[in-house]
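Protein chains in written order, with UniProt numbering: chain Z, 1 to 436; chain P, 1 to 436.
For the record, the hints were derived by calculation from the structure and aren't laboratory data. Hints may be right or wrong, so weigh each one.
Which bits of chain Z does chain P cover? Going by a derived footprint, with three or more residues having C-beta under 8 Å, they are [claimed, not checked]:
#, stretch
1, 69 to 82
2, 152 to 159
3, 246 to 252
4, 284 to 290
5, 320 to 330
6, 394 to 408
7, 417 to 428
Computed from a predicted model, the values in this text were never measured in an experiment. All C-beta atoms in this analysis are idealised placements derived from N, C-alpha and C, irrespective of residue type, glycine included.
Number of protein chains: 2
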Amino acid sequence: MAKRLIIRNGRFAQLGADSKQTTLQGFMVVEEDRIVYVGETLPSEYAADDAEEMDGSRLFFMPGLVNTHGHAAMTLLRGYGDDMVLQEWLQNKMWPMEAKFTDQDVCAGTALAVLEMLKTGTTTFVDMYDHMNEVAKVCEQSGIRAALMRGAIGLCSEEVQQQKLQEAVQFAKDWNHAANGRITTMLAPHAPYTCPPAFIEKFVQAAHDLDLMLHTHMSETEAEVQQNVTDYGLRPVAHLEKLGFFSRPSFVAHAVHLTDEEIEVLAKYNVGVSHNPASNLKLASGVARIPDLMRAGVQVSLGTDGAASNNNLDMFDEMRLTALIHKGVSGDPTAVPAAEAMRIATVNGAKMIQLQDVGLLEAGMKADFIAINIDQPHLLPHTDLVSHMVYSATGRDVAHVFVDGKHIVKDGQCLTMDEERIRDEAARAFEGLLTR
Amino acid sequence: MAKRLIIRNGRFAQLGADSKQTTLQGFMVVEEDRIVYVGETLPSEYAADDAEEMDGSRLFFMPGLVNTHGHAAMTLLRGYGDDMVLQEWLQNKMWPMEAKFTDQDVCAGTALAVLEMLKTGTTTFVDMYDHMNEVAKVCEQSGIRAALMRGAIGLCSEEVQQQKLQEAVQFAKDWNHAANGRITTMLAPHAPYTCPPAFIEKFVQAAHDLDLMLHTHMSETEAEVQQNVTDYGLRPVAHLEKLGFFSRPSFVAHAVHLTDEEIEVLAKYNVGVSHNPASNLKLASGVARIPDLMRAGVQVSLGTDGAASNNNLDMFDEMRLTALIHKGVSGDPTAVPAAEAMRIATVNGAKMIQLQDVGLLEAGMKADFIAINIDQPHLLPHTDLVSHMVYSATGRDVAHVFVDGKHIVKDGQCLTMDEERIRDEAARAFEGLLTR
């Protein structure tokens with residue numbers, strides 16, 4: 001018989017289209033990697049003697065958070081240069097350090113990132129970086145779910161471009177559906193302003209050949225949009241449309257600077273937007289038009305971006321920012337209600353990366369979920385627990401994390417990663433970068 | 001001999017005007033309620049045998065956070081109505097419930113708020129509410145520092161107005177400098193739009209008579225500013241100036257909608273602004289012109305506002321929002337750097353309420369400080385700990401809190417308050433409000 005976990009007397013976020021209320025009090029049953037039942041009472045068929053039991057009475061259960069844009073290894077540069085003008089920050093701080101990154105550094109930085117993400121309730125993340133085999137190995141071992149891709153900057157010779165493309169393709173082939181399906185892969189030319197059109201077209205062709213999704217940075221800053229117009233006579237959306245990018249299932253990160261027409265084009269091609277509010281604010285890029293995108297039917301998900309421009313990987317923080325800033329900037333207090341912010345941070349993120357069976361606490365879904373201890377001062381009284389998760393909880397409140405049915409974080413401790421070793425290796429890797 | 005505490009091998013935030021670096025590694029010595037030494041080495045005169053010692057080697061020490069605007073008892077209404085239009089929220093949700101508040105409710109709600117604040121690193125808070133004797137008692141017993149005032153709405157008969165004024169004055173007299181000086185008092189007509197001019201003038205006169213500071217809500221929404229122009233022919237700043245409000249040491253909450261001329265008037269009278277970013281965003285009031293206020297020399301501090309419009313009392317959250325949103329909205333990534341955000345949340349808050357010896361880790365200052373465990377994934381590597389406190393830490397990372405030299409929170413547990421009882425009483429109080 002399948003290994004079974006019964007959670008008794010918990011409160012469960014219900015964010016599906018058919019849900020009458022956002023919180024259900026009752027029972028959840030997990031068998032192997034799947035949720036098989038959520039309901040107010042426990043049907044007798046599940047009450048087997050040998051099932052593992054969990055007391056949910058002080059816990060709120062919600063889908064694991066899905067972080068749809070980031071560069072995990074950049075945790076090594078957290079706090080190394082803040083509050084600076086973008087070009088100065090990139091040229092004097094980030095790029096010189098990133099150029100030194102070895103496999104070992106990426107492994108250390110990614111492990112630190114994955115540990116932080118798991119402990120703060122993220123069960124799936126998207127990573128676009130270099131040395132991706134190292135990233136995939138960390139994901140395989142830690143138990144997290146991930147969509148991975150080698151991000152390729154094309155400001156180099158055609159020969160080097162070709163190498164990067166091959167590397168990206170090889171990585172995508174090697175790791176797609178690895179780790180019991182927890183790892184999927186995509187292709188990712190870095191951005192229209194860092195990739196010549198012909199280079200982007202090669203990625204589009206490869207995505208067709210391998211049937212993979214495409215991801216890229218787009219329209220993060222106004223300057224980059226203007227540069228695109230100067231260089232190619234088109235704004236980035238029309239430019240990518242022309243290069244065939246949107247002929248593939250695809251999603252873009254940032255999309256801060258969009259016209260109404262561009263929003264329509266994204267909706268038409270079903271191109272998703274990974275919103276990264278903290279990073280966009282910190283780098284002074286602006287505030288993305290999220291309510292307008294959602295009204296137009298564009299799928300929106302949430303990302304942290306790299307830790308160097310955030311500076312944390314706590315998706316609770318992004319969820320709260322999303323619920324707050326669009327109200328303040330639009331003047332509409334009903335913009336992005338709490339339950340919608342939670343959907344954006346969970347099920348919408350899963351759908352964005354084509355995980356149709358992740359992101360809801362419903363029978364048939366993957367058992368990717370987290371539990372928060374709600375008997376804490378800042379989560380009382382228990383008026384509206386979804387609201388509390390969005391407006392008052394932090395990732396530090398997460399007590400339990402399950403991915404693919406496996407208990408990964410228990411009482412705040414990560415069971416699959418050696419925290420002390422990871423902390424030490426990250427500190428040593430950073431010292432090494434400073435002295436090399 | 002005075003009771004002495006020596007903290008060894010800690011890292012200490014140094015935010016004073018003379019500080020060469022924002023973090024100092026070394027020693028801090030506390031005697032009774034004062035910091036007597038902070039430095040890289042420990043002078044032999046402090047190395048007494050009977051001193052209490054604390055190992056600071058995994059901790060970052062910073063001044064306790066100062067929350068300069070709030071309504072503590074409103075924790076009882078946390079999550080009771082979110083994402084609504086302001087008037088609907090006030091008229092259908094907040095006011096009917098608040099009208100039922102008894103002494104006991106205010107005691108329960110304030111205790112929950114103070115517990116949350118202490119555990120998340122706030123050592124001083126400003127409270128404007130009703131049933132203030134209950135609030136003062138909670139402060140006295142919990143060990144927190146507070147500036148308290150009876151907030152008076154003047155939309156009532158002159159007789160009731162007079163009662164409220166007397167109540168406010170009596171409270172201010174009874175509690176000023178109570179609890180070993182931890183409690184100070186002020187006077188607070190609620191807002192220009194809720195208080196007739198003559199009522200505000202009476203508060204101004206009473207503040208002169210008793211030599212007290214004044215505090216009020218001002219220009220939170222554009223609608224309220226326009227109403228002021230309609231009713232009195234003046235925008236709120238000119239209106240309050242005319243009523244003599246600024247002839248007293250005073251500070252206002254919100255100040256979201258200000259003209260350049262109004263900013264100049266606030267600077268001229270040295271009127272401070274308590275910025276409440278989360279509340280202003282959540283209620284869709286807008287984004288205050290904080291960089292402009294600071295450039296004009298207006299003192300700026302930080303507040304959470306009540307938990308019903310936030311919905312937490314974690315000042316780390318406000319500190320991060322302040323460092324993030326003004327960059328994103330102004331387009332200037334150097335706006336409100338991390339160290340400045342920390343000053344606004346600590347020493348500037350203390351100065352705002354005339355506590356000249358609170359808010360810095362320096363010899364001679366009151367021993368109001370907190371310690372954060374920095375050996376955590378989201379606070380590594382140790383590049384810039386002030387940046388980490390602002391951009392990555394949360395109040396849930398606070399391990400120790402000292403107020404007036406007393407150890408109030410130890411390893412995350414509050415030593416002065418009975419957490420379980422407070423949680424139960426808050427839950428019961430909320431149930432009572434629902435059913436009465």
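Query raised in the report: Against which earlier hints does the structure fall short, listed by number upward?
Result: Of the numbered hints given earlier, those the structure breaks are 2 and 3, listed in rising order.
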